[in-house]
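Engineer: Sequence:
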Amino acid sequence: MPFGLRNAPATLQRLMDMFCRNLPVMAYLVDIIVLSPTFDQHLMDLETFFLKLKHHTFGANRNKCHFACSRVKCLGLWITSLRIEVDPDKVSAVQKIPPPRNVKHVCAILFANMFLVSKFHT
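In this note's numbering, the protein residues as written are 2 to 123.
Bear in mind the hints are in silico, worked out from the structure with no lab data behind them.
One or more of the hints may lead you astray.
[Said to hold, decoys possible] Here are the simulated DMTMM-like pairs of lysine to aspartate or glutamate, each with C-alpha atoms no more than 25 Å apart in a straight line:
{"no.": "1", "residue 1": "Lys65", "residue 2": "Asp90"}
{"no.": "2", "residue 1": "Lys53", "residue 2": "Glu86"}
{"no.": "3", "residue 1": "Lys105", "residue 2": "Asp88"}
{"no.": "4", "residue 1": "Lys74", "residue 2": "Asp90"}
{"no.": "5", "residue 1": "Lys65", "residue 2": "Asp88"}
{"no.": "6", "residue 1": "Lys65", "residue 2": "Asp41"}
{"no.": "7", "residue 1": "Lys55", "residue 2": "Asp90"}
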């Protein structure tokens, strides 16, 4: 499917959802994380996953693959077996924002950070 089509991401996500059905994985477009409770199970899950890739003539970029990681970075977040953490680089970028000097600057900062506040409030 050529990129640039309006429905291409949704179509790709549906394809990935169908492909990953009955596999212990999380997939968002072309980012796939194989989830396993133990290392031995992880090896078996990887084998199953790669056999299915081969069967459907899909491929994986060897340079972008990471195996047996206890934490992975996905969509700007660190995912561990216990929780999802905000990337420290993102936090430091927010902390480096200079303090507002007037009302207009306060409004600009508030609107820019609406997403973060709604997703990560305590």
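Engineer: So, for every hint listed, does it hold in this structure?
Structural biologist: Right, here's what the structure says about each hint:
no.	hint	in the structure
1	Lys65 / Asp90	holds, 20 Å
2	Lys53 / Glu86	violated, 31 Å
3	Lys105 / Asp88	violated, 29 Å
4	Lys74 / Asp90	holds, 12 Å
5	Lys65 / Asp88	holds, 19 Å
6	Lys65 / Asp41	holds, 22 Å
7	Lys55 / Asp90	violated, 36 Å
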